[in-house]
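Given the coordinates of chain G, assemble chains U, H and V onto it according to the supplied hints.
Letter by letter, the chains look like this.
There are 4 protein chains.
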Amino acid sequence: MRLSIAVDLNYAIVGPPADVLLQIEAAAMADQRIASEALTIWSDSPIATVRGEDGIGQRCWIRAEQWLQAEYRATVEVARDPVDLAPLPATPVRALDGALVQYLLPSRYCQSDQLEGFVRREFGRLEGGALAAALTDWVAGALDYRPNVSSGVTTALDTFASRSGVCRDYAHLLVALARAGEIPARCVSAYAPGVDPPDFHAVAELWLDGAWRLVDATRMAPAEAIARVSVGRDATDIAFMTVFGVAQFVNQTVRVGQV
Amino acid sequence: MRLSIAVDLNYAIVGPPADVLLQIEAAAMADQRIASEALTIWSDSPIATVRGEDGIGQRCWIRAEQWLQAEYRATVEVARDPVDLAPLPATPVRALDGALVQYLLPSRYCQSDQLEGFVRREFGRLEGGALAAALTDWVAGALDYRPNVSSGVTTALDTFASRSGVCRDYAHLLVALARAGEIPARCVSAYAPGVDPPDFHAVAELWLDGAWRLVDATRMAPAEAIARVSVGRDATDIAFMTVFGVAQFVNQTVRVGQV
Amino acid sequence: MRLSIAVDLNYAIVGPPADVLLQIEAAAMADQRIASEALTIWSDSPIATVRGEDGIGQRCWIRAEQWLQAEYRATVEVARDPVDLAPLPATPVRALDGALVQYLLPSRYCQSDQLEGFVRREFGRLEGGALAAALTDWVAGALDYRPNVSSGVTTALDTFASRSGVCRDYAHLLVALARAGEIPARCVSAYAPGVDPPDFHAVAELWLDGAWRLVDATRMAPAEAIARVSVGRDATDIAFMTVFGVAQFVNQTVRVGQV
Amino acid sequence: MRLSIAVDLNYAIVGPPADVLLQIEAAAMADQRIASEALTIWSDSPIATVRGEDGIGQRCWIRAEQWLQAEYRATVEVARDPVDLAPLPATPVRALDGALVQYLLPSRYCQSDQLEGFVRREFGRLEGGALAAALTDWVAGALDYRPNVSSGVTTALDTFASRSGVCRDYAHLLVALARAGEIPARCVSAYAPGVDPPDFHAVAELWLDGAWRLVDATRMAPAEAIARVSVGRDATDIAFMTVFGVAQFVNQTVRVGQV
Chain G
81 MRLSIAVDLN YAIVGPPADV LLQIEAAAMA DQRIASEALT IWSDSPIATV RGEDGIGQRC
141 WIRAEQWLQA EYRATVEVAR DPVDLAPLPA TPVRALDGAL VQYLLPSRYC QSDQLEGFVR
201 REFGRLEGGA LAAALTDWVA GALDYRPNVS SGVTTALDTF ASRSGVCRDY AHLLVALARA
261 GEIPARCVSA YAPGVDPPDF HAVAELWLDG AWRLVDATRM APAEAIARVS VGRDATDIAF
321 MTVFGVAQFV NQTVRVGQV
Chain U
81 MRLSIAVDLN YAIVGPPADV LLQIEAAAMA DQRIASEALT IWSDSPIATV RGEDGIGQRC
141 WIRAEQWLQA EYRATVEVAR DPVDLAPLPA TPVRALDGAL VQYLLPSRYC QSDQLEGFVR
201 REFGRLEGGA LAAALTDWVA GALDYRPNVS SGVTTALDTF ASRSGVCRDY AHLLVALARA
261 GEIPARCVSA YAPGVDPPDF HAVAELWLDG AWRLVDATRM APAEAIARVS VGRDATDIAF
321 MTVFGVAQFV NQTVRVGQV
Chain H
81 MRLSIAVDLN YAIVGPPADV LLQIEAAAMA DQRIASEALT IWSDSPIATV RGEDGIGQRC
141 WIRAEQWLQA EYRATVEVAR DPVDLAPLPA TPVRALDGAL VQYLLPSRYC QSDQLEGFVR
201 REFGRLEGGA LAAALTDWVA GALDYRPNVS SGVTTALDTF ASRSGVCRDY AHLLVALARA
261 GEIPARCVSA YAPGVDPPDF HAVAELWLDG AWRLVDATRM APAEAIARVS VGRDATDIAF
321 MTVFGVAQFV NQTVRVGQV
Chain V
81 MRLSIAVDLN YAIVGPPADV LLQIEAAAMA DQRIASEALT IWSDSPIATV RGEDGIGQRC
141 WIRAEQWLQA EYRATVEVAR DPVDLAPLPA TPVRALDGAL VQYLLPSRYC QSDQLEGFVR
201 REFGRLEGGA LAAALTDWVA GALDYRPNVS SGVTTALDTF ASRSGVCRDY AHLLVALARA
261 GEIPARCVSA YAPGVDPPDF HAVAELWLDG AWRLVDATRM APAEAIARVS VGRDATDIAF
321 MTVFGVAQFV NQTVRVGQV
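Chains as they are written, first to last, in our numbering: chain G, 81 to 339; chain U, 81 to 339; chain H, 81 to 339; chain V, 81 to 339.
Chain G with its partners taken away, still in its complex shape:
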């Protein structure tokens, strides 16, 4: 599937100049090829590019004075077959590579340690792909998609109780539950058509049968229509923008179409 992506960001910097970390470029990967791409950032200072987490994608360090303005245009060819999770075999944790260990552990917004009791009790006989499919179904069914009930400090535990949220909250909860069930899980910032209202999207990636499997618990986007931007433990790592200072929203648009 071919996606066309157009992002425009416009923020005012309040007070002294701020360093800003921007992660908005689709990542070049085996299953998503960047056909064309242009990132324009209005800045007088040089822009530094660094690798994203797990070596996926890239981030820009920007010195922003007064304004942060960026424009991103890309066409991405996603070549990813849909995968049925349920039949995938379980991998015992002791067979996992060192680089995956961090994705078994709790993080700032995914307190998997606190959800182990729930997963063991409600899904205890399942493991591997069968568990992943059951947890995804459960999150999709247990939550209501509702804007403005959660915020940037909402955790997986909060969402587990409030039973509502946006894509970030769905991803956090699924990731936390999967880790509680001994499945390595990471959060993914992404572009996908059909996200409503149009915005940056957040989904989960579960490590099953030797590979990362994209899962959107909001059911807004099938795995084959998702272009990854960045990955990480949770929203702290995959934020599209992290400001070391104070920025005020002016306007922002994210458009993702199928071409």
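Incorrect hints may have been included.
Examples of chain H residues toward chain U, derived with CB under 10 Å [stated by the list, open to error]: (1) Asp99; (2) Pro172; (3) Ala175.
If you are wondering where the hints come from, they were derived from the structure by calculation, not from laboratory data. Think of the CB as a built atom: it goes at the ideal place given N, C-alpha and C, for glycine as much as any other residue.
Okay, now just chains U, H and V, sitting in the frame of chain G:
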């Protein structure tokens, strides 16, 4: 039902003398008559007696030097008929007296505000007694009674996620869910036979059809076998002992029999 | 001091009719006399009036369909002498009446249990009035008054870390610290001139030398210019409006003048 | 400095066999050479070795049935000069490599986002090494080293309020404060002589002037007497043992001497 109660407490006070608030006497109330009672506290300082929350029961203020030692013996006649909660009608919150308002609101260990989404989504068509019965069944079924997984700082939200705990945790979770469902709910410290291991017991009281209804979500004790000690918003109010200083456990026994 | 108070509330009720608890009337008390008062609530349903916490002030239960609109006009004569807290003697907790015990304990937004270490370590040699004065000075100096950094779910512990907030946050933090220092403390909703931007105000009341002492850690209003509306453990009890349903802000003005 | 290390672990596995991740070997690094080493694990199943976080040290995956028993003996040559942090220049975050970004962000036990207000307000004019030195002094002075007041779920925010804890808590708080002050910071599991009572040690590492600098805010061990075992975002990553199942403590000794 006639209950015989025997409590022995023995704590060492570490450091300077400490003020201690003790709430271990069964409360004299219409549905539980104190047939006989003796509370002995070893102390050189005078002991002050004050009322408990909502005017129920009494508390002792003790000045403890080096040791806190107390012995309580009582026989209590409980005359309380079992009540079937399910058919009790709902009371709209706007018909509640001012003294009940606090029991609709979140407290330190019962974050009912965070559980409103869950209650609305899973039990939204129920109210009043039908909701109370459904929530009690849900807590009884969803949790595993397990000592040593929770502590004095465990909240209802923690228990909602861990799906296990002791009587304190069951009471906190039921109280939080009931409040989230617009039913006034308070926590109750109590004596009951059959508590295993024998200890102080904690249960909930839900305000339905104009009266407080005792509910033990652990299913260890029927309402007609429970002798209240104190009531309050949550464990902060009903603790059998609150030490303003440092106390170390030496030994403690609680025996409750049916006579 | 004579205060003129004018409040206008206008909220839209989203979805089904909602029960609303309104606490906006100045309380008639020995040190604040209501010279004149008019509360108008637009509603087709009867309005029920109930007592506030500790028997102070009153609350209205309203059945709101589509709109909640209320207007309050009052003139209040405050006759309260300023009190210098510092010389007031300490009361050992064991001398406190039963009705004060709840104000020694942690509550939803005032986790005094978690702040005991800080108070003991930094203010350990102080007690009573000297401690109250030192804690008030500390809060006033340690925080920056800043709107929009906190919200309705911000706790005293959050504010202790973020070092900023509005009147609600100052009151929560002072109350939590006082309780941690064995001084009974409650939160107070109030009217006061000079609050900027004009709004409902929140302050603390500390029990010292046998009486409640009003303290505004924001330093916006002296005790003699404050008219209490309600009291309670924290913001849960003293909210000017608690909606059992969904309400949307339309507009609201609070004007308090000195006459 | 030459350290001799002897560790004996003995745990009982309760219930079904458990996968266990063990991180107890001193890491071979430029500034700490492993002179001799023997790790013995009693197990019938093969043991898998994987890399630690940031490629530092190694972890063992063990399949434990009934017992987990391990013995570790090593001699480590630490060749690390003491560094005076204060004069080290600040690095603007925009100059940091991608691999360091995660260490600027909040994690499960180090909620640096919530402590930004404190750091800005109290240390706002400082940056880089001067800030690092000031924060270390502050943590060392503000906390009391006290066993048994914290637990495995204690966070940096809890410690910031309680003002007491053990090495894990000191490390968490310093790491959280440093990140709040825009200094990359990670937690380090380590061996050091002089830890009292003898145990695994936890310290912080701050990225200053292009290198990681070991800092022990408990002041128990100078940087030149510390042998790193593992690094990571916080205690979740650097735990000496993570059990995917249930283990019960039988006995454990850690002895670290200077030879």
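Hint by hint, here is what the structure shows:
Checking Asp99(H) against chain U by beta carbon gives a least distance of about 4 Å; that is within 10 Å, so the hint holds. The criterion of a C-beta within 10 Å of any C-beta in chain U is met by Pro172(H), whose closest approach is roughly 6 Å, and the hint holds. The interface hint given for Ala175(H) is met, as the beta carbon of that residue sits about 7 Å from the closest beta carbon of chain U, less than 10 Å.
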